[in-house]
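**Student:** So the chains spell out like this:
Number of protein chains: 2
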Amino acid sequence: MTESLLERRARLMGPNVPTFYRQPLHLVRGEGVWLWDAAGKRYLDCYNNVPHVGHCHPHVVQAICAQAGVLNTHTRYLHETALDLIDRLGATMHHGTTQAILTCTGSEANDIALRMAQAATGKTGIIATDNTYHGNTALVSQLSTRKPPIGGYAKNVKLVPAPDSLRPVGGSIEGQAAAFAANVARAVAELEADGFGLSCMLICPLFANEGLPDLAPGFLDPTVQVIRKAGGLMIADEVQPGFGRSGSHFWGHDRLGFAPDVVTMGKPMGNGHPVAAVFATPAVMATFREAFGYFNTFGGNPVSAAAAMAVLDVIENEGLQDNARTTGAYMLERLRALRHPWIAQVRGAGQFYGVEFLTDDGAPATAFVADVIEAMVARGVILNNIGKHRNTLKMRPPMPFNREHADIVADTLAVVLATTPVRA
Amino acid sequence: MTESLLERRARLMGPNVPTFYRQPLHLVRGEGVWLWDAAGKRYLDCYNNVPHVGHCHPHVVQAICAQAGVLNTHTRYLHETALDLIDRLGATMHHGTTQAILTCTGSEANDIALRMAQAATGKTGIIATDNTYHGNTALVSQLSTRKPPIGGYAKNVKLVPAPDSLRPVGGSIEGQAAAFAANVARAVAELEADGFGLSCMLICPLFANEGLPDLAPGFLDPTVQVIRKAGGLMIADEVQPGFGRSGSHFWGHDRLGFAPDVVTMGKPMGNGHPVAAVFATPAVMATFREAFGYFNTFGGNPVSAAAAMAVLDVIENEGLQDNARTTGAYMLERLRALRHPWIAQVRGAGQFYGVEFLTDDGAPATAFVADVIEAMVARGVILNNIGKHRNTLKMRPPMPFNREHADIVADTLAVVLATTPVRA
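Which chain is which? The protein sequence lines are A and B, in order. Residue 2 is where the first sequence starts when you use my numbering, and the numbers rise one by one after that. Residue 2 is where the second sequence starts when you use my numbering, and the numbers rise one by one after that.
Please note: incorrect hints may appear among the correct ones.
For identical chains, the list gives no copy identity; a pair is met inside one copy or between any two copies.
Claimed, not checked - Using 20 Å as the maximum straight-line C-alpha spacing, the simulated SDA-like pairs for lysine to any residue come out as follows:
#, residue 1, residue 2
1, Lys230, Gly123
2, Lys156, Gly196
3, Lys156, Gly123
4, Lys148, Thr133
5, Lys156, Phe197
6, Lys389, Gly294
The set of hints was computed from the structure by calculation and includes no laboratory data. These numbers come from a predicted model, not from an experiment.
Full structure from sequences and hints, please.
**Tutor:** If you want it as structure tokens, here you go:
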């Protein structure tokens, strides 16, 4: 069955369309933090952040069904729910980013955010980190490093070394914030020398794809000073940190402690329903709205807005941000108690965990991590890897993940670490 | 109520976010070809193509609800429905465009299509028409002419004069196909001289935004020859013509009679659920897949795929393409029987109608058409305008629109034309 689905997939989708895992999963059902494959095998989902409030949460499903049966149009007509959504999300923002454009995907949101910065500053230079991912449009994919964009990298994009908990930028943890900012200052100077000028820096406040480094609040302060001094905007890509995942804060930029001009969000926002958004300060929004007649057919439609409202309901009603904080602390404790000679660092931010492995020689244990992931999946726990060298276990479960689930993951990981042969 | 919603909208969405109509509609319910506003007033929807099989069609709503309650993940896992959808749509393609990438919006689809052409040809030049719209990403908005993109138009994009039924390119209807192709050949030569080379021409096979000109099958043949000779790809944007709307054919490119290398689709595909796609020949798909690691989190998720499958079910079960053909012919008959000194031409393609108005001096009757639209809406019929001068009534109803509805529109239009003062 799986094999014929793979063949069919190649015939219909073309070559080079990766699946997860050596034996790709053929999933047929999801509920809460659980997934089932076609053979009836159950998996604890310790990876997927899109089903933020749990797979197929009945409150979200009900909201989608109810609205889909009544009306689904677009924002050229008036409707309350899109406005209710912007109002409600805007109330969680502490730095004035209270106006929004609703889109369908985080890629669309970042594509707009970059143009907002260009409209607001009149400049075109963009700074991002060197091992990141912010989406798949032609513009946004210029910031991705895994595969060069078609036609090569744009000259107005500068990528600076990402912060790292083990191999800090500049050589020391204490000096990393200043060293990171110094690289950003150098990139600003290059963009100005090349005639682009600086429009913005776009970052994920968790630096999640970069490896989820442990960073103290205020880490970004020297960088933000550099950007502000150059007249640029700070854009926070909250696709991964947002909606309470970090436990301590609803948004990643508040956790790190900086004030963005533009905030983008996507994946978890509709629990799988395609809805995303760009929030901006009224001043930045106005420059974009006046410069470009943006309209998104599906963006902000009543069904998408209802789905996103329902997700916010569940986060509140089920105390999911608080659960992320307490379960996060417990899970970190369990992970830190694991013993393996190649565990180099255990990191976490609410319901987002990283366990980095280095070999005896201090090299990234990429192959070993790949083997661990396969062994975990075989034992019914879904997770994956992050970081430039893919040597960090990535665990980012649906938010209802609790102590009982944390125990399953930690117990299984203990067995897998004890039984997986080490190889670099 | 409406006024306070407008104020709230400006506060939450920013300035310059247009609504339709002088008194924006506050819609609360939809069913089939009917919409209701908050005051309970009913409107015949003669405009919206997104609710392709009718507002809130129960079969589509049921498909969304059923799948949303069972599983909603992404295409890094295996699942049948996305494959079933590509298989089923691929079977409607007659020119080998059988492989697909599923996305959320037509903008995303066109953003990919343009990069496919660049990957397949190694060139970057793009040709489109001069009064078109293909989407809102940074790349795709380069093809839009209503508002210049932020930072100005890209030099690798050439826009050629759109075909026109009343003021034909080159001066005569008989010579228009050759004149249009000659302009395209000139654009190709310019792109080659400027060092970009030609990657593709992207067109809507109905030239819908351009004004829905009456064009004979084969109109595009000389142009396609020019593009092929230069090594470029033909991309058909089927966002408006597709899914049987033209009555005679399921796809607009088959109606016009040319073989595209890439076909994009969006709006009607999920009846309002955000789902879209790019189909390509396996050769073109392979060059893109090898050049760029494209992944779309929500694209091809089981719920979106189920929605799109349900739309295809309804088109078949309710004979909607055939209805578009027969109702289209009847509606055209009714529209052609209308009498007004300023009616210059009545055009149609299945369930897509245009009535163009010129003043006594032969100038576009833009203001008069605006007044007619407002009067129609006041009488409960929703429609809009198209064309460079916005002097053509645009009627593009949900596909279940039938003779009874055609009579309502034609009868109402007769009254409105008789009672609306002429003004240029």
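**Student:** Hints first: check each against the structure and report whether it holds.
**Tutor:** Structure-based check of each hint:
no.	hint	result
1	Lys230 x Gly123	within (15 Å within a copy, 40 Å between copies)
2	Lys156 x Gly196	both (10 Å within a copy, 18 Å between copies)
3	Lys156 x Gly123	both (17 Å within a copy, 19 Å between copies)
4	Lys148 x Thr133	within (11 Å within a copy, 32 Å between copies)
5	Lys156 x Phe197	both (9 Å within a copy, 17 Å between copies)
6	Lys389 x Gly294	between (38 Å within a copy, 16 Å between copies)
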